[in-house]
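Undergrad: Read off the chains here:
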Amino acid sequence: GQQLNQSPQSMFIQEGEDVSMNCTSSSIFNTWLWYKQDPGEGPVLLIALYKAGELTSNGRLTAQFGITRKDSFLNISASIPSDVGIYFCAGQRRHFGNEKLTFGTGTRLTIIP
Amino acid sequence: DVKVTQSSRYLVKRTGEKVFLECVQDMDHENMFWYRQDPGLGLRLIYFSYDVKMKEKGDIPEGYSVSREKKERFSLILESASTNQTSMYLCASSFGGANEAFFGQGTRLTVV
Chain A
1020 GQQLNQSPQS
1030 MFIQEGEDVS
1040 MNCTSSSIFN
1050 TWLWYKQDPG
1060 EGPVLLIALY
1070 KAGELTSNGR
1080 LTAQFGITRK
1090 DSFLNISASI
1100 PSDVGIYFCA
1110 GQRRHFGNEK
1120 LTFGTGTRLT
1130 IIP
Chain B
270 DVKVTQSSRY
280 LVKRTGEKVF
290 LECVQDMDHE
300 NMFWYRQDPG
310 LGLRLIYFSY
320 DVKMKEKGDI
330 PEGYSVSREK
340 KERFSLILES
350 ASTNQTSMYL
360 CASSFGGANE
370 AFFGQGTRLT
380 VV
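Each protein sequence line maps, in turn, to chains A and B. Going by our numbering, the letters in the first sequence line up with residues 1020 to 1132, in that order. Going by our numbering, the letters in the second sequence line up with residues 270 to 381, in that order.
Hints in this document: simulated from the structure, not taken from any laboratory. Among the hints, erroneous ones may be present.
Unchecked claim - 30 Å max Cα-Cα, derived DSBU-like pairs, lysine-lysine:
1) B:Lys339 / B:Lys324
2) A:Lys1089 / B:Lys322
3) B:Lys287 / B:Lys272
4) B:Lys324 / A:Lys1089
5) B:Lys339 / B:Lys272
6) B:Lys287 / B:Lys340
7) A:Lys1070 / B:Lys339
8) A:Lys1070 / B:Lys326
9) B:Lys282 / A:Lys1089
10) B:Lys282 / B:Lys272
11) B:Lys272 / B:Lys340
12) B:Lys339 / A:Lys1119
13) B:Lys340 / B:Lys326
14) B:Lys339 / B:Lys322
15) B:Lys339 / B:Lys326
16) B:Lys326 / A:Lys1119
17) B:Lys272 / A:Lys1119
18) A:Lys1119 / B:Lys324
19) B:Lys339 / B:Lys287
20) B:Lys322 / B:Lys282
21) B:Lys282 / B:Lys324
22) B:Lys322 / B:Lys287
23) B:Lys326 / B:Lys272
24) B:Lys287 / B:Lys326
25) B:Lys339 / B:Lys282
26) A:Lys1070 / B:Lys287
27) B:Lys287 / B:Lys324
Stated by the list, open to error - Reference listing, derived: stretches of chain A covered by chain B, where coverage requires no fewer than 3 residues with Cβ under 8 Å from a Cβ of chain B:
28) 1033 to 1039
29) 1070 to 1079
30) 1092 to 1098
To be verified - To give a feel for the contact side, a few chain B residues facing chain A, derived at Cβ under 7 Å:
31) Thr274
32) Gly311
33) Phe317
34) Val321
35) Met323
36) Met357
37) Glu369
38) Gly373
39) Gly375
Glycine included, each C-beta is placed from N, C-alpha and C at the ideal position.
Kindly generate the complete structure, drawing on both the sequences and the hints.
TA: This is the structure we're talking about:
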């Protein structure tokens, strides 16, 4: 089955730094989602994107749906300790409808004290 | 709040045992999913179900089966556990036609 290529695989940053990660695919997706997984928990949805070129913010998080529909980006500004975790992108070919999500390989974010 | 509950947080089983992982959701969701999560591989879909008694294979169904006898419950079965099935297993559910999947807290299974 297809997986999305997500980079970087891991990041070590200092508190207050900005973070950028991205997800690429060889196929077109019509929906992009970004999830965060806290240590010991299941993933939780952060942002959903439905239109090519769309830029959506959720607090300090900003995500963009790539214009080619084959990629997506997530930025976190002014990182804080609770941002630690694993971030996953996910794509879906339809806007709605019973179709499975394809997940990226994850980006593990660690904040160095 | 949506609640997806997995029956165990940690499990240790022996090679060859039949293993049942249970998942229950309380939001009347039509769709339910089982994923496994491994470092560097992300989340890979094992099986999913869009309705009671319906099941479809995901990307890595080999060595697994599922059961959905009631809408709220989706069980993952390892017919004969092997060491390469040591992993974190995540259950998720969603409304029919919706994008957002809600996840359980995960079951970390170790097969020895």
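Undergrad: Hint by hint, say whether it matches the structure.
TA: Results for each hint:
{"no.": "1", "hint": "B:Lys339 / B:Lys324", "verdict": "12 Å, holds"}
{"no.": "2", "hint": "A:Lys1089 / B:Lys322", "verdict": "35 Å, violated"}
{"no.": "3", "hint": "B:Lys287 / B:Lys272", "verdict": "27 Å, holds"}
{"no.": "4", "hint": "B:Lys324 / A:Lys1089", "verdict": "29 Å, holds"}
{"no.": "5", "hint": "B:Lys339 / B:Lys272", "verdict": "16 Å, holds"}
{"no.": "6", "hint": "B:Lys287 / B:Lys340", "verdict": "23 Å, holds"}
{"no.": "7", "hint": "A:Lys1070 / B:Lys339", "verdict": "36 Å, violated"}
{"no.": "8", "hint": "A:Lys1070 / B:Lys326", "verdict": "29 Å, holds"}
{"no.": "9", "hint": "B:Lys282 / A:Lys1089", "verdict": "41 Å, violated"}
{"no.": "10", "hint": "B:Lys282 / B:Lys272", "verdict": "26 Å, holds"}
{"no.": "11", "hint": "B:Lys272 / B:Lys340", "verdict": "14 Å, holds"}
{"no.": "12", "hint": "B:Lys339 / A:Lys1119", "verdict": "20 Å, holds"}
{"no.": "13", "hint": "B:Lys340 / B:Lys326", "verdict": "18 Å, holds"}
{"no.": "14", "hint": "B:Lys339 / B:Lys322", "verdict": "8 Å, holds"}
{"no.": "15", "hint": "B:Lys339 / B:Lys326", "verdict": "19 Å, holds"}
{"no.": "16", "hint": "B:Lys326 / A:Lys1119", "verdict": "11 Å, holds"}
{"no.": "17", "hint": "B:Lys272 / A:Lys1119", "verdict": "20 Å, holds"}
{"no.": "18", "hint": "A:Lys1119 / B:Lys324", "verdict": "12 Å, holds"}
{"no.": "19", "hint": "B:Lys339 / B:Lys287", "verdict": "21 Å, holds"}
{"no.": "20", "hint": "B:Lys322 / B:Lys282", "verdict": "27 Å, holds"}
{"no.": "21", "hint": "B:Lys282 / B:Lys324", "verdict": "25 Å, holds"}
{"no.": "22", "hint": "B:Lys322 / B:Lys287", "verdict": "21 Å, holds"}
{"no.": "23", "hint": "B:Lys326 / B:Lys272", "verdict": "24 Å, holds"}
{"no.": "24", "hint": "B:Lys287 / B:Lys326", "verdict": "19 Å, holds"}
{"no.": "25", "hint": "B:Lys339 / B:Lys282", "verdict": "26 Å, holds"}
{"no.": "26", "hint": "A:Lys1070 / B:Lys287", "verdict": "45 Å, violated"}
{"no.": "27", "hint": "B:Lys287 / B:Lys324", "verdict": "20 Å, holds"}
{"no.": "28", "hint": "1033 to 1039", "verdict": "violated (count 0)"}
{"no.": "29", "hint": "1070 to 1079", "verdict": "violated (count 0)"}
{"no.": "30", "hint": "1092 to 1098", "verdict": "violated (count 0)"}
{"no.": "31", "hint": "Thr274", "verdict": "11 Å, violated"}
{"no.": "32", "hint": "Gly311", "verdict": "4 Å, holds"}
{"no.": "33", "hint": "Phe317", "verdict": "6 Å, holds"}
{"no.": "34", "hint": "Val321", "verdict": "14 Å, violated"}
{"no.": "35", "hint": "Met323", "verdict": "10 Å, violated"}
{"no.": "36", "hint": "Met357", "verdict": "9 Å, violated"}
{"no.": "37", "hint": "Glu369", "verdict": "5 Å, holds"}
{"no.": "38", "hint": "Gly373", "verdict": "5 Å, holds"}
{"no.": "39", "hint": "Gly375", "verdict": "5 Å, holds"}
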